[in-house]
Structure formats: C-alpha cells, structure tokens
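2 protein chains.
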Amino acid sequence: MKDHIKHFKTILDDKGVLLPEDGIDGYVSGWRGEIGSTPCVLRPTSSQETSQIIAYCAAHNLHLIPQSGNTGMVANSVPDESGEQIVLSTERMNKIIDIDPINKCAHVGAGVRLSALNDALAEYHLSFPIDLGSDPCLGGMVSTNTGGSRYLKYRGVRENLMGVKAVLADHDGTVIDDLKPLHKNNTGLDIKQLFVGTGGLFGIVTEVMVRLSPLPAQSATALLIPRDMDAAAALLIEIEKSCHNYLSAFEGMSHNAMQRALSHNPALTNPFGQDDVPHYAILLELSRSWPEREAEQPLNDVLENILAELWERDNAPLENALIGAPERLWALRHSISEGVQKSGKLFAFDISFKRGDFFRFREAMIERLKTHHPELTLCDFGHLGDGGAHFALVIDRDDTRASVPSYEKTVRNFINDAVVLEFGGSYSAEHGLGRKTEEAYAKYTPDEVKALTHAIKTAIAPIPVGTIKI
Amino acid sequence: MKDHIKHFKTILDDKGVLLPEDGIDGYVSGWRGEIGSTPCVLRPTSSQETSQIIAYCAAHNLHLIPQSGNTGMVANSVPDESGEQIVLSTERMNKIIDIDPINKCAHVGAGVRLSALNDALAEYHLSFPIDLGSDPCLGGMVSTNTGGSRYLKYRGVRENLMGVKAVLADHDGTVIDDLKPLHKNNTGLDIKQLFVGTGGLFGIVTEVMVRLSPLPAQSATALLIPRDMDAAAALLIEIEKSCHNYLSAFEGMSHNAMQRALSHNPALTNPFGQDDVPHYAILLELSRSWPEREAEQPLNDVLENILAELWERDNAPLENALIGAPERLWALRHSISEGVQKSGKLFAFDISFKRGDFFRFREAMIERLKTHHPELTLCDFGHLGDGGAHFALVIDRDDTRASVPSYEKTVRNFINDAVVLEFGGSYSAEHGLGRKTEEAYAKYTPDEVKALTHAIKTAIAPIPVGTIKI
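Chains A and B are the protein sequences, given in the same order.
Under the numbering used here, the residues of the first sequence are numbered 3 to 472, in order.
Under the numbering used here, the residues of the second sequence are numbered 3 to 472, in order.
All copies of an identical chain are treated as equivalent in the list; a pair is satisfied when it fits inside any one copy or across any two copies.
Derived lysine to aspartate or glutamate pairs resembling EDC-like cross-links, with alpha carbons at most 20 Å apart:
(1) K182 / D359
(2) K452 / D174
(3) K356 / D179
(4) K182 / E161
(5) K356 / D100
(6) K347 / D398
(7) K182 / E450
(8) K356 / E424
(9) K243 / E306
(10) K471 / E440
(11) K243 / E125
(12) K182 / D419
(13) K411 / D401
(14) K182 / E424
(15) K445 / D179
(16) K243 / E296
(17) K182 / D449
(18) K411 / D398
(19) K243 / E294
(20) K243 / D102
(21) K452 / D179
(22) K356 / D102
Bear in mind the hints are in silico, worked out from the structure with no lab data behind them.
For reference, chain A alone in the conformation it holds in the complex:
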C-alpha cells in the first residue's frame, strides 16, 4: 500500500491524499453509525485526476469507495472493515460552475452541498427542490437518486437531472461527458441513467447539470388529523382534487413518531398543545411560486375553505386541522428522524407501495408485530403523497436482541417479505442501495433484471467500485 499511496501523491496535490494519522474518522463513519477503515482518502479536484485514480486502481486491483456528502442511509459511502477499501472523496470538486436563470439549470461539481447550491440560487428565486432532512452533495444525490418530502410536486433527482460528467469504472477510467443543458434532447440511449441510483456501481460522478424550479413565494401549511386511517388515504385524493396545482407536501406522522420527536427535542413546541399528541397527523403544504396579489384569494384562505368543506361533510374525513406557521409545523416533521433514532435501537425501512396500499400494509403489520415481535414499537412517518413510508421499528437498547445480527436479519425478512412479496411494494423507496440493502437486492430483484445489470456492468464498467455487489 505504501507504493500505491506514493503513486497517488504523484497524481494529486498536497491536500489530495489523507492518511489515518491525518484524522480521517469522518470519512470512515457513516450516517447511521457504521464504522469502517481505509488506508487513505483520495481527494481529486477534477474528472481527469479521478480518471487517473480509477485507471491506477484497476491496474492494481484496488477497490475504491466513492464518497460524496456521506449522508447515505444504507452504508453506501463508507468502506467496510477490511481496511483495504480506499475512499475517494469528491469534496474538493465543489465549484458552482454555472447558474443559468433563463434556462433554469445549474452546472456544479459533484462535491457541492445541496444547501450551498440552494443558497446560491436564492437570489434568482430558484431552487433545486429536492427537500431532505440531511445536506448531501450533488454527486451523491445522483448516485442515490434521492427523493424527499416534496417529491409529489417536484419528483426526485432522476427527473431533475439534465446531465452528468462521470468517470467510468473501466480500465481506462474513461471520462463520459453527458452534460448538455437541454430540457429536451432525444438522441439515443440516455447514458446518464447508468449513474442514477446505482451508488457508484458504474463509476464516479464528477459534475452534475440539474434542472431548477422556482422558489415558492407563498405557502400555506396545516396539520390534518384524519378521522381514521381510511380517512387519511381518502384525504390525499380529496386534497388533490381541490388544489393539485398548489400541493407540495403531504407527509404522514404517526403518534409514536411525533411523541419521540417531542420527547427528544424539548425546544420543539407541540402544535397540538401540551401533552396532546393525536393518533396520526398529516403535514399538508400548498405553495405558489409568485407573491401575494391583491385580486387573488390568499393561499391560507384557499386552504381554510378546502378544509372547512371537508370538515362539514357527513362522515367527515377530518377530525381536526391546525393551520399554522410553516416553520413550526415543519420543525415537528423534521425532528422525527432524529427523535426516533435516539429513542432506542432503530431498524429503519424505507419502503413504498401503490398509493392506497400503505395503510392496508400498516394495519396488517401492527397486528402481526403484536404477535411475532411485541418488543418492537412502530414509529412510522413518511411521504404519503407518493406512496413512500419510513417504517421505523424501535427496540429498547437494553433488550439483548438489539445488537444481535441474526435478530436484525429476522426482522428485516419479516418486514421486507411482506412489503415486496405480499404487498407488491419496494424495499427501497428513496435511500438507494448500499451494504444495508444488498441482501434485499439479492433476494427480491427479478433474475432477468439482475442478469441484465450484471451483463451491462461486465461489458462497460468491469472494475469493482462502490459498496454495491451485484
């Protein structure tokens, strides 16, 4: 390895190679607590340097783990414990290369943080509208194909990606330049799709061209308490009927999830009043891209009228509704992930269904958990508007089963079998693939899809890169 490191220092500048003695804990520790080990961290500043690194690693059988913001949920950006995998961080490719407010696109390095891009876009009243709890970098967002809380309006990375520059995981480290800033371009196989949601399997994204959306200038936000779970599903359809053009979030939060957010974060105001946490709540957001206009009904009034109409119906689907300051209502939503994680040992499932199927699944699983796993508490939340759910199961940290790998495996199979085989859902809605989902990939991917992916990988990018084995 010494010789390899020596060679990397000829490719990269002074700051390009970090060794364990330089303090690299942050590069080997993942978001969900996984810890690996690496002989060095490589920090190229260009596609060309990245290409030289890949070609060298290919020639010497070295395994690279690309790392972007390192905020992945499924152990997809940190090395394993072998000590042999080399981290390649894109963090120095962090230039905002161009913002084009007329064409509504931005060209950035893979190491640009989402927050940095959105800060730069604010003066143009534009945004890259993927709304996440974490602050990833753009390259990792492509590799993960992130979705988030406003997916039902803006969709995910795939739908907002115009192009990439990437270094292929082949013997030459071929640089693929597919960066045209065109909204419509229909000239053959869409090569960039190889790099979307594939966790570095086909190579390393170094530059990204994204489509931008107008920054909302008005919003109206409410917490809805549905009469029951059937009503929660029905509310989505009713809200879409009455204000589809404005709908930008429809997020579900279970009693347990809200409870844990409030317990963990005492600074959080309980919007329902002290000690009162409803059985379920939906965070509804409407937004418009233009400022208020005199002749136009204010968005809060639109929302109030719609909710009043739903409330006054016979057999009303709404038990209650609170229209409130957006920041306060979103603070509750955004505190859930951490609150749940801190409340015990978490088994997180990032699943999705046909819209309408989630509550059927949820009801069935609550019954089954009572029988088979009464030690687990369900603290689910997530993206009802697009059929996605974060099905969080928590076990007391003191429970001896909490850290037993075979127990976790049993729980994973128990849930994922029901999601995929019984309810036709997905075991990975938006977190993508990584070490934590590789067993599920092996188990639930149709044979012909696996074979095709494998054949394409072998044909064009045969060098092993990233955490995913296929």
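Since the structure of chain A is already known, use the hints to place chain B on it.
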C-alpha cells in the same frame, strides 16, 4: 421466406400474419411519406408470442421492425426498401389492462392508442398528459420518448413512465417484466430506461405502466404578440414569474407557419381578423385541475391582469394579446404541421436549445439562409417553453432541387451543424431516432457515448431490431 412465414403461422393465430396480398400498404408507409416493403406483417397478441418471434428471427437472421401507431416523424417504424425486413405490429396488444385512480397509474398494452387511453381516463378526471398532434400508441411513445406541447408542465414519456414489459432483442427473446406501479422505487439500475427513446434497439415494448395527471378543469388561453424576438424570450420568464403553477403551454408560431396553416385550412378562423397575420405569436395556456370556486379569482382574470401589467410597462414586451376560446386558438396551433407540410417540399428539423438560445439561432439562420439558401422559406413553430423548435424549411415543389438527395443532405448539414456544433443544441428534441436521423447520430454523438451504447447493445441485445443502426 415461405418456410419462415409457415413457422410464424404456428406461433400466431389466423389474424397474426398478414401478407402483401392482404393489403398491407398502411404498414409499410410512414407518416412523412416514406415507403418500404415487407414480406409479411406479424401481429402478436402477447409478450410470449413476441418472444417466440424474436427468438425465431434471431436463429434465422431475420430483421424485425417493431411498429406501434406508425406516426413517427423520422422513419422509425417502417421497413426499408430491401423487402427483407419484417414488420412486427403491436396493434393487437391493445387492452387497457388496469386503471388505478388512487395510485394514479394505468397499465396498458403497447398497442393502445393515446386517445383510447385518455378517453378511458376521462371519467376519473385523469389523463396521460403528453399532448401531441398525432395519435400514437403507447409502446411507440416509449420507444420515441415523445414530448409535445405541454412538456413544460408535464414533461415527456420518460418522466411519466413507471414501468414496461419488453422482449429483449437477444437470442432467447427474454421477457423483462419491469412493471411495478410504484411512484418511488430505487432498487438499482433502472432497466426500463433501455427502452425509452431507443426506437426498439434493445427490444420490443409490449406493456406499459404510466403515471397519470389530473385532467385540467379550467383553462385560460391567449395569443401574445411580442414586441420583437427579444421580447418573446423575455415573456416566458415574466409569465413563469407570475403564474408558474398554472403554466401549461407556451408555444411559438412564426408568421409564415400561421400563414400556411390558414391557407391550407379554409375552415380555420383567423383569430387576428381577416388577412392580418402578425410577425410572431405565442400561444399561452394556463390551467387548473379544479373547477371554478366562488371565492377564487377566475383564471381568465388572472391571465388578463398579468397581461395588462406586462402591457402597461415602459418598453412593454407585448405588442398585443388576444384572450380567446381555447379550441379556436389551439386549432391554429394544431393546423400548422399539416399546413406547412402541404405548402411545398418540407425539410423538417426537430431541434432544441438552452432556453434563450433559440432566438439567437433563429436570427443568425435567417441571415444565412438569405445568402446560402434563398430558395428555402422558414416556417418555424414549436415549444418555446422547453427550448424546443420545429424549424421547418420549405422549398417550392417545382424547384428541381426539391427531390435531390444530395441537396437534402446539404441542407441537413447546414442546419444541424449550426444547431449542434455552434449553438450546443440537439438535432433531435423529441422525435427520437430513425432512418432520417441516423446520419446525425453518427456525426454528432460523442465517441464515448457511441462506444458505450454499442457495448451495451452487444452485451445484452445483440439481435438487430428496429431501424436504428448504431
């Protein structure tokens, strides 16, 4: 061929094999007048039959041309003149298999017409919102990745496709079932992308799962006459600022294009008044998915106010504007394609640019055409909102050059070189690839993209299918 036809009759039923004597002109004649020849037309009713056909053709070196609605613009669905290419029509796979109004998706056979799907969706107030002048079938829409007039709101087929079933162009005719009706599903390489916009290169799409949108319940439509071409580009930005959530079409129409539509179709009312055709017009459409509500400003009033504000500015970008019955204004837009085509020999260019670049290109080309090709009249129209343009050049039918292939080639290079090499645009915005664009593909595709496409084709779908050579 006799033996082959005999064999096809063992795979398919009575109506499954059509011979020239059965009257098959419709299957060998393309939308833009190209005429080929075929020994037979195969009409499978299932993926299984399609698979058997592909496997047989692979074993016997027979070349299949998949044909869906046969409305392609670039000779991508008809056989060539060799008489050796066999047409495989998907027209009997025309069942609407499922409509799910809760999940907002539809599962259909590849041979279902867009109009048939939308007719069936109307009762649910839903639509598959790709708005086209023609009426293609869903399988061909996937293979072409069609865009259309409301792309700036709904995007194209790629962004509204949930899944496909397809038969791979390999020796076994492997059936790929990638039909999960999930809005969010992030479980590895997105296999369906192989079949989007690739004209059958990788195989034949037999079933399609699409995402649906609410049918608009209100719309407001206007024709805008910009002060000049700079103002036309600026108007888009202004309109987006003031009503992005409502914007569903922003279509440009040149004087010559409108003139030819009106001349060709005497039933068409000239919305500008008899004999008065402006230098340029923009068809602007706003829409909402819900019916009018008492407290809400009507959409026509929203539109009027926005236009009034633009009109009253110093140096107003608007010379004039007409708010009118949507059907009448769209009739003009929809008559252009045929009007232009019938007015002479047409050289059609389906091009796109960064938004904002089209008018720079247009101005430059008007000057160059005067010098180098005064015999050509520019009758452009298209999708300003997404940077797309149908750059239609017409030459008098009596001009001796009109049907000389080398002349057409000169014109194609003259335009496409400027589009791609000089202005960084695309030679195919939304019509996809076919015989008419294969020279452009060869000339303008980056070598590494060509090599990757070729390597993937060779690895997974080595049997030649379709009109595209790569």
